[in-house]
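Student: With the hints as extra help, turn the sequences into a complete structure.
Protein chains: 2
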Amino acid sequence: MKDIQISIREDLKQKPDQDHLEFGQHFTDHMFLFDYNSEQGWHDPRIVPYGPIVLEPAAMVLHYGQAVFEGMKAFNTNNGNVLLFRPQKNMERLNQSNRRLEIPEIDEEFILHAIQTLINVDKEWIPSGKGTSLYIRPFIIATEPCLGVRAAHNYQLLVILSPVGAYYSEGLEPVKINVESSYSRAVRGGLGTAKAAGNYAASIKAQTEAKEAGYSQVLWLDALERKYVEEVGSMNIFFKINGTVITPELNGSILAGVTRDSIIELLTNWGITVEERRISMDEIYQAHKDHTLEEVFGTGTAAVISPVGELFWDDRQIIINDGCIGELSQQLYDTITGIQTGMVPDTLQWTVQV
Amino acid sequence: MKDIQISIREDLKQKPDQDHLEFGQHFTDHMFLFDYNSEQGWHDPRIVPYGPIVLEPAAMVLHYGQAVFEGMKAFNTNNGNVLLFRPQKNMERLNQSNRRLEIPEIDEEFILHAIQTLINVDKEWIPSGKGTSLYIRPFIIATEPCLGVRAAHNYQLLVILSPVGAYYSEGLEPVKINVESSYSRAVRGGLGTAKAAGNYAASIKAQTEAKEAGYSQVLWLDALERKYVEEVGSMNIFFKINGTVITPELNGSILAGVTRDSIIELLTNWGITVEERRISMDEIYQAHKDHTLEEVFGTGTAAVISPVGELFWDDRQIIINDGCIGELSQQLYDTITGIQTGMVPDTLQWTVQV
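Going line by line, the protein sequences match chains W and Y.
For the first sequence, this note's numbering assigns the number 9 to the initial residue and increments by one for each residue that follows.
For the second sequence, this note's numbering assigns the number 9 to the initial residue and increments by one for each residue that follows.
It should be emphasised that the hints constitute simulated quantities derived from the structure, not laboratory data.
Predicted model, so just to flag it, every value in this text is computed and none were measured.
Hints may be right or wrong, so weigh each one.
Some chain Y residues well away from chain W (every beta-carbon gap over 10 Å; in silico) [claimed, not checked]:
1. Asp37
2. Val69
3. Gln74
4. Asn86
5. Gln104
6. Glu110
7. Asn128
8. Ile134
9. Thr140
10. Phe147
11. Arg158
12. Val195
13. Ser242
14. Thr252
15. Pro353
16. Leu356
Below, in silico cross-link-like pairs of lysine-lysine (BS3-like), each with a Cα-Cα straight-line distance of 30 Å or less [as the list claims (entries may be wrong)]:
17. W:Lys213 x Y:Lys21
18. Y:Lys213 x W:Lys235
19. Y:Lys81 x Y:Lys21
Stretches of chain W that chain Y covers, calculated by requiring three or more beta carbons in the stretch to come under 8 Å of a beta carbon on chain Y [stated by the list, open to error]:
20. 74-87
21. 96-110
22. 137-151
23. 195-202
24. 320-326
For each residue, glycine too, the CB sits at the ideal point set by N, CA and C.
Tutor: This is the structure in structure tokens:
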């Protein structure tokens with residue numbers, strides 16, 4: 009395995025107040041850098057003081073959006089260990105994104121090793137409060153300066169770390185979600201299955217309009233028929249109808265969430281039927297009218313589980329479980345966050361100790 | 009109008025050989041920068057030596073692709089003038105892109121003034137050979153360091169200049185195009201009408217696969233039914249069938265090209281019927297079988313007119329005009345490049361003197 013050069017900064021930064029950590033606003037003392045060119049491949053892995061990077065104005069990432077990323081978390085446990093949650097899945101997905109955007113693949117094992125090394129260097133930054141963690145952002149950008157539209161020849165992989173607070177400071181809070189009927193996030197044959205920068209640019213306007221109307225997120229429908237549910241903002245989504253849990257199948261425009269995968273495995277182990285299939289808003293509305301729509305929740309790295317209290321669709325208000333957190337949502341949240349922080353036995357061997 | 013601060017570099021760069029100018033590889037001595045924050049709005053317009061820019065690793069453009077751009081050209085005329093071609097249209101479209109991506113709008117007149125000032129500073133860089141020009145790349149990137157997915161609060165607008173050669177060094181050459189049936193570029197409700205960085209990232213893999221199969225470009229079909237023609241690579245497309253010229257209507261997923269608009273106006277003035285409407289590959293194939301498919305050409309800032317000699321669709325080869333340049337394609341190319349370089353009277357008042 010390649011050696012990682014480590015340059016420790018002399019003047020460590022002031023750490024932010026652990027009780028008021030806004031998501032993705034504070035960054036640790038160091039970052040990991042790794043360069044790619046056609047001659048040398050991926051080379052020069054190094055940990056350096058966190059600070060500005062220098063790019064040519066013609067760097068292709070700034071013009072043609074050739075950029076992919078991942079999101080992961082490290083947790084402090086009560087007994088002083090640091091745990092990652094299924095980090096191999098993120099490394100696999102990073103390479104899936106790379107292949108879709110024609111970015112050279114990375115050595116998954118080595119990048120995971122580099123992330124662990126970086127976390128060790130900045131381990132004092134991992135917060136310890138309930139619900140807090142160290143958010144890990146690996147990303148790859150095309151750095152070659154050229155205005156031709158094609159895959160770049162030069163790239164940089166970076167890993168930055170950000171201490172983050174509990175997603176819901178007052179415990180789990182159900183969110184109100186607008187079902188989007190004008191904008192699209194992705195379509196089959198597009199970039200929807202990749203964690204590509206451009207997918208998020210496409211979502212900003214719909215999110216803003218939803219927020220202005222009093223909703224915290226957007227539920228995306230399929231771009232073809234505008235009938236079938238795809239995903240919520242930056243989360244996957246699950247519906248509990250009459251005891252069965254249903255989540256949209258990975259149809260070529262949905263991101264394959266690591267939390268989504270974990271939820272399916274947990275529920276199956278618990279003997280609850282999970283269906284991965286197309287599910288239409290008509291079916292959800294009908295279940296609501298029949299009083300069989302029991303719970304709705306989003307899943308993702310940031311919030312883990314995000315209970316949905318209301319869906320607003322086509323001028324119709326769908327209130328779920330009287331706007332309260334469902335029993336299963338709470339149980340899934342407690343189990344996954346328990347495993348992540350070492351409070352619940354990790355029988356599925358999901359965690360990796362740093 | 010705001011004052012533009014100008015810092016001239018002391019050591020001017022060596023200019024590249026005008027006979028071997030690759031597209032978007034060489035950049036002039038200076039660039040224009042303009043910053044935005046919520047308090048000051050757009051501020052501090054300045055022309056500085058061309059060189060690397062400094063970004064926070066958490067700059068939102070690198071993670072969520074909030075970036076838009078334009079492409080324009082400046083031409084040297086025989087009598088020593090410098091002409092721009094319909095630059096107001098590019099400024100209008102830049103603001104359309106801004107609105108779609110929630111980037112603060114710019115003062116179109118001021119940015120055009122800034123571009124003209126920059127061109128004047130670097131006017132020695134405008135090449136004079138046949139078919140050459142100075143390519144102008146205005147672009148805006150989200151610079152705020154934050155990992156939350158939302159519209160950024162800080163941006164930078166940059167303009168960089170690149171001397172470019174004739175797109176076809178040996179005169180107009182018909183291209184072979186693969187009709188794409190797996191990948192999608194954009195869909196209604198997405199970013200297809202904006203000149204957004206992410207749209208180009210989505211196109212790279214299809215372009216590579218087409219090139220490997222011997223085709224120089226990809227023809228995108230609508231993502232919904234995979235039946236109707238949308239656009240070619242980074243160009244709009246026109247079909248001449250039985251004397252009538254047909255181009256896909258601006259349906260919400262196609263970019264509104266400035267050259268496209270100019271072609272429609274020219275053809276209409278020449279008394280040729282132009283239809284902006286949905287056109288399916290079935291219709292094109294039928295016209296080919298009926299021997300009424302007379303010409304096909306792409307239009308865009310880079311190539312102006314790009315005659316299509318072959319379309320490969322669903323294992324069927326559609327040869328157009330025996331693979332030769334059509335009469336109308338040539339006439340359009342000569343007229344537009346003539347107007348751009350001051351050789352043909354600009355009766356439509358399309359050019360702007362710098």
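Student: Do three or more residues from the region 195-202 of chain W put their C-beta atoms closer than 8 Å to C-beta atoms of chain Y?
Tutor: holds (count 5)
Student: Residue count check for the region 74-87 of chain W against chain Y: does it reach three with CB-CB under 8 Å?
Tutor: Holds, because 3 residues of the region 74-87 of chain W bring their Cβ atoms closer than 8 Å to Cβ atoms of chain Y.
Student: Cut-off 8 Å, C-beta pairs, minimum 3 residues; does the coverage of the region 96-110 of chain W by chain Y stand?
Tutor: holds (count 3)
Student: Since leucine 356 (chain Y) was said not to touch the interface, does its Cβ keep a gap of more than 10 Å from each Cβ of chain W?
Tutor: 28 Å, holds
Student: Determine whether the non-interface label on proline 353 (chain Y) survives the test: each CB of chain W must be over 10 Å from its CB.
Tutor: 32 Å, holds
Student: Using Cβ atoms and 10 Å as the threshold, tell me whether asparagine 86 (chain Y) really stays out of contact range of chain W.
Tutor: Per Cβ check, asparagine 86 (chain Y) is outside 10 Å of chain W; nearest 27 Å; holds.
Student: Would you check whether the claim that serine 242 (chain Y) is not at the interface survives, using Cβ distances to chain W and the 10 Å cut-off?
Tutor: 6 Å, violated
Student: Verify that the Cβ of aspartate 37 (chain Y) lies farther than 10 Å from every Cβ atom of chain W, and report whether the claim holds or is violated.
Tutor: 13 Å, holds
Student: Count the residues of the region 320-326 of chain W whose Cβ falls closer than 8 Å to any Cβ of chain Y, and tell me whether that reaches three.
Tutor: violated (count 0)
Student: Glutamate 110 (chain Y) clear of chain W by more than 10 Å, beta carbon to beta carbon?
Tutor: 5 Å, violated
Student: Could you grab the alpha-carbon distance between lysine 213 (chain W) and lysine 21 (chain Y) and see if it respects the 30 Å cut-off?
Tutor: 42 Å, violated
Student: Can we confirm that no CB of chain W comes within 10 Å of the CB of glutamine 74 (chain Y)?
Tutor: 5 Å, violated
Checked against the numbered hints above, the structure violates hints 2, 3, 6, 10, 11, 12, 13, 17 and 24; every other hint is satisfied.
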